[in-house]
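Protein chains: 2
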Amino acid sequence: MVKFAGTRDVIELVNRIGMAKMFEELVAEAEADFARWPQFEKVARVASHSRDGVIELMPTSDGETYGLKFVNGHPKNTRDGLRTVTAFGLLADVATGYPTFISEMTITTALRTAATSALAAKHLARKDAKVMALIGLGAQSEFQALAFKAILGIKSLRVFDVDPAATRKFARNMADSGIAITYLPTAEEAVTGADIITTVTADKRNATILSDNMVGAGVHLNGVGGDCPGKTELHRDILLRSKIFTEFTPQTRIEGEIQQLDADHPVTELWEVISGAKPGRDSDRDITLFDSVGFAIEDFSTLRVIRRLVEQHGLGREIDLLPEEGDPKDLYGLIRAGAPNETKLSA
Amino acid sequence: MVKFAGTRDVIELVNRIGMAKMFEELVAEAEADFARWPQFEKVARVASHSRDGVIELMPTSDGETYGLKFVNGHPKNTRDGLRTVTAFGLLADVATGYPTFISEMTITTALRTAATSALAAKHLARKDAKVMALIGLGAQSEFQALAFKAILGIKSLRVFDVDPAATRKFARNMADSGIAITYLPTAEEAVTGADIITTVTADKRNATILSDNMVGAGVHLNGVGGDCPGKTELHRDILLRSKIFTEFTPQTRIEGEIQQLDADHPVTELWEVISGAKPGRDSDRDITLFDSVGFAIEDFSTLRVIRRLVEQHGLGREIDLLPEEGDPKDLYGLIRAGAPNETKLSA
Chain A
1 MVKFAGTRDV
11 IELVNRIGMA
21 KMFEELVAEA
31 EADFARWPQF
41 EKVARVASHS
51 RDGVIELMPT
61 SDGETYGLKF
71 VNGHPKNTRD
81 GLRTVTAFGL
91 LADVATGYPT
101 FISEMTITTA
111 LRTAATSALA
121 AKHLARKDAK
131 VMALIGLGAQ
141 SEFQALAFKA
151 ILGIKSLRVF
161 DVDPAATRKF
171 ARNMADSGIA
181 ITYLPTAEEA
191 VTGADIITTV
201 TADKRNATIL
211 SDNMVGAGVH
221 LNGVGGDCPG
231 KTELHRDILL
241 RSKIFTEFTP
251 QTRIEGEIQQ
261 LDADHPVTEL
271 WEVISGAKPG
281 RDSDRDITLF
291 DSVGFAIEDF
301 STLRVIRRLV
311 EQHGLGREID
321 LLPEEGDPKD
331 LYGLIRAGAP
341 NETKLSA
Chain B
1 MVKFAGTRDV
11 IELVNRIGMA
21 KMFEELVAEA
31 EADFARWPQF
41 EKVARVASHS
51 RDGVIELMPT
61 SDGETYGLKF
71 VNGHPKNTRD
81 GLRTVTAFGL
91 LADVATGYPT
101 FISEMTITTA
111 LRTAATSALA
121 AKHLARKDAK
131 VMALIGLGAQ
141 SEFQALAFKA
151 ILGIKSLRVF
161 DVDPAATRKF
171 ARNMADSGIA
181 ITYLPTAEEA
191 VTGADIITTV
201 TADKRNATIL
211 SDNMVGAGVH
221 LNGVGGDCPG
231 KTELHRDILL
241 RSKIFTEFTP
251 QTRIEGEIQQ
261 LDADHPVTEL
271 WEVISGAKPG
281 RDSDRDITLF
291 DSVGFAIEDF
301 STLRVIRRLV
311 EQHGLGREID
321 LLPEEGDPKD
331 LYGLIRAGAP
341 NETKLSA
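Read top to bottom, the protein sequences are chains A and B. By this note's numbering, the letter at position 346 of the first sequence is numbered 346, and the numbering carries on one by one without gaps. By this note's numbering, the letter at position 316 of the second sequence is numbered 316, and the numbering carries on one by one without gaps.
There may be inaccurate statements among the hints.
[To be verified] Simulated pairs of lysine-lysine, BS3-like, Cα-Cα distance not exceeding 25 Å:
#, chain 1, residue 1, chain 2, residue 2
1, A, K3, B, K130
2, B, K21, B, K122
3, B, K3, B, K122
4, A, K76, A, K122
5, A, K76, B, K3
6, B, K42, B, K127
7, B, K127, A, K3
8, B, K243, B, K130
9, B, K42, A, K42
10, A, K3, A, K122
11, B, K155, B, K130
12, A, K278, A, K76
[What the hints assert, rightly or not] Label pairs and their in silico Cβ distance ranges:
#, chain 1, residue 1, chain 2, residue 2, range
13, B, D163, A, R336, 15 to 23 Å
14, A, T182, B, P250, 18 to 26 Å
15, A, G276, B, G338, 51 to 59 Å
16, A, R285, B, P38, 53 to 61 Å
17, A, G63, B, G153, 46 to 54 Å
[Said to hold, decoys possible] Here are some chain B residues the structure puts well away from chain A; computed CB gaps all over 10 Å:
#, residue
18, I179
19, L240
20, D286
21, R336
Quick caveat, the hints were computed from the structure, so don't treat them as lab data. Bear in mind the structure is a predicted one, so any value in this text is a computation, not a measurement. Glycine residues also receive a C-beta, built at the ideal position from the N, C-alpha and C atoms.
The shape of chain A in the complex, shown without the other chains (with noise of 0.2 Å):
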C-alpha cells in the first residue's frame, strides 16, 4: 500500500499547524537540503508543449529517496475557471523502486514557492530587511507574504496589482493576517522604500513591471513571475546592476530573468551560498537578486515534509497503488486469485 495525500488532508494539515509553523518547516528542510545540494541527481524538466500549455515531468534523487513532480501550466485555463497549475508529486524508495507517496501539490506548491523564496531572502536580504514590497497578487501572493512575515518577520507590506478583484481577493484573506498592508495605485509607487521586492505577476510575455530607475541600492530582489521562455519581469538594466543568484543554472538560463543575459553572465547558484562555499550579498549597497524558476529539488524537499507531518498528524489513506506481497515470479497468480475483499484494504 501507498499513502495518499490528496487535497483535504493538506489543507486539513495547514489549518491544524498554522502557515507560520508549515512555511518553518519547509524552509528548515530546503535549507539542509540546498546545504548538501550536489549529492542531487539533477536534470532539466521534462517538458512536453502544447498549443495552449506545458506538462512538465521534474525529477530528482538524492540517492535514497527518488521524488517526482507532475505539473502543468495552462495560462488560458482560467478563462473557463481552471487553475493555471496543477501538480502532484510522488516519492519512492530508490532501493526498491517503490513508490512509498504520493500528494496533491497544487497547494503545496504554492507552500514551496514561498518557502524557496523566503529562504532565499534570508540568505540575501539585508538582516534589517523590513518593509516588502509585492507585485502581483494572484493565487501565489498570499503565500509569499505569509513566508516573508514566518521566516524574515515582515509585517509591512506594499501592494499592487492591475486587477481590483484580484487586490480585493488579497485584502479579503490578509484581513486578519497581522500584517500592516498599503495598497498603491502603481508599482513604481508600491516600490519605494521597500527593502525587498517580489514580483509574482503572471503575464506570459516579456513585461517591464520593474524598470531600472524604481530598484535602489541594497535591495533585494525576488523575481518569482519570470519563469518561462518569454516570460520575464525585469528590466535587463536591473539585473546589470544585481548580484543574481539562481536554482539550476542550466534551467534559469533557459526559463529565468537572466534569459535576458548572455549565456555566461556570471550567477551563483543559491546552494553556494547556503552551503558557505560562497559569499551572498557583499554589502549593504549590493542589489542582490533571486531569479527563481523552480526546481526539482524544492518539491522534494516539500514532498518530505507533506509525508512527515501527514503521518505525525494521523492525516492521508493508504491506496493499492502497487500489489499486495507474494511470489515475485507469480504476478498471474494475483488475478487468479481475485480482488482482495474490500476489507483488507484500509478505507
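Take the given structure of chain A and dock chain B to it, following the hints.
Relative to chain A, chain B alone:
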C-alpha cells in the same frame, strides 16, 4: 476529482471480463494506436539509475491525451520477496493539463507487454502458426500464453524454465487454461517444431537462450526478455538471419537484442507494418523477430482501455488529487475555507 484504479480494481475487472476479452480489447486499442504512430510525441525513457536498479518515466501524448508511466526495475528485489517491476500510470488532458486518471500498472504492464507481443505476432507470424515455444516461466509467462491463445488461437505450448519452482507455478496457474502444454527438459527440445518462439527469461546479462541452430525457417521470434543494456537472449547469428521489427528504434538500439548489431543494421518499425506502409513477413520461410522492449505508446493505449472498462464496470474511486474548482487566483482561499467534509468526497 481524479479517477483512481487500484490493483483491486484491475484484478476485479479482469476477473469479470476474462483474460481473453481483456487481450482483445488491449490489442484492438494498441493496433489502432500503432496505425497512427506518427501522431504521437516520442521520447526515450527518462531514467534514474542507482546501484540496484532503475526508476523510469515513460511519457507520450497524441495531442489530446497525455500518458505517463512510472516504472522501476530492481532485479535484486526478489531476494527480499519484493517484485522486480512495479508501475503506475496516469492520463491527463492536454488542453488543460489536468490529470484525469491514475491507475496501478504492475499487473497492467504485464497485460500490455503480452498484448503487444500478440499484436506483433498477429502481423508477423505465419498465418498457419499453431505451436508456440515459451522459454522462461516467470511473472510474464502466463500473460504471454493467454494473449497468444486469445489473439492467435495458439492452443499448444512447449515450455521450459531452468527453475522447477517457476515451472510448477506455471503448471498450477495454467491447469484450466484450455491450452495443451508440453513440459520439456531443455530449451532446445522446447523449440523443436514450434512456429513461434517466445523468450521471456529474466537474467540480467547477455545470455544465449537460443543458439543459431535452434531456429529454423519460417519461425516467428518474440524476444521479450532482452530489454535493457547488457541483457539479451538470442545469439547474434540468429539476428543476422532474421527480419527484425522494433517499436521505437532509437530505444531498441540501446535496450533490445539489436544492441548486438551495428547501429545502422536495417530494421522495420512495427507501426510501419500495422499501418500498411511496409511489408512484414515476405514469405513462409522468413524468420521474423519482434525485438520487444516496451514503449510509452503501448502504456498509453493500455491506460485508455483500463479507464474505459473501469468506467463501464463501475469500478475505481475518485481521489482528491486536484483542488475543488473556485477562483483560480484564490488558491489561499482553499486553505482558509478549511478541509472539505469527508462526506463531500466519494468513498
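Checked hints:
Note on A/K3 and B/K130: the hinted pairing is violated, with a Cα-Cα distance of about 47 Å set against a maximum of 25 Å. In summary, the hint linking B/K21 to B/K122 is supported, as the alpha carbons are separated by about 16 Å, within the 25 Å threshold. Proposed proximity of B/K3 and B/K122 is contradicted: the alpha carbons are some 33 Å apart, above 25 Å. Proximity of A/K76 to A/K122 is assessed by CA-CA distance (about 34 Å); at most 25 Å being required, the pair is judged violated.
The suggested pairing of A/K76 with B/K3 holds, with an alpha-carbon distance near 24 Å, which does not exceed 25 Å. This hinted pair does not check out: B/K42 and B/K127 have alpha carbons roughly 31 Å apart, beyond 25 Å. Simply put, B/K127 and A/K3 have alpha-carbon atoms about 49 Å apart, too far for the 25 Å limit, and the pair is violated. Taking the CA atoms of B/K243 and B/K130, the gap is near 21 Å; set against the 25 Å cutoff, the hint holds.
Note on B/K42 and A/K42: the hinted pairing holds, with a Cα-Cα distance of about 22 Å set against a maximum of 25 Å. For the suggested pair A/K3 and A/K122, the alpha carbons sit about 33 Å apart, so the restraint of at most 25 Å is broken. Restraint check for B/K155 and B/K130: the C-alpha separation of about 7 Å stays at or below 25 Å, so the hint holds. Taking the CA atoms of A/K278 and A/K76, the gap is about 41 Å. The hint is violated against a cut of 25 Å.
Checked against the given bound of 15 to 23 Å, the beta carbons of B/D163 and A/R336, roughly 20 Å apart, stay inside it. Taken as a hint, the range 18 to 26 Å is violated for the pair A/T182 and B/P250, whose Cβ atoms sit roughly 58 Å apart. Between A/G276 and B/G338 the beta carbon distance is about 41 Å. The supplied range of 51 to 59 Å is therefore violated. The supplied range of 53 to 61 Å is met by A/R285 and B/P38, whose beta-carbon atoms lie about 58 Å from each other.
Roughly 49 Å separates the CB atoms of A/G63 and B/G153, a value that falls within the hinted 46 to 54 Å. The Cβ of B/I179 lies farther than 10 Å from every Cβ of chain A, with a closest approach of about 13 Å, so its non-interface assignment holds. The claim that B/L240 lies off the interface holds: its Cβ sits roughly 33 Å from the closest Cβ of chain A, which is beyond the 10 Å cut-off. Taking the minimum C-beta to C-beta distance to chain A, about 32 Å, the non-interface status of B/D286 holds against the 10 Å cut.
Against chain A, the non-interface label of B/R336 is violated: not every CB pair exceeds 10 Å, the least being about 6 Å.
Checked against the numbered hints given earlier, the structure breaks hints 1, 3, 4, 6, 7, 10, 12, 14, 15 and 21 and satisfies all the rest.
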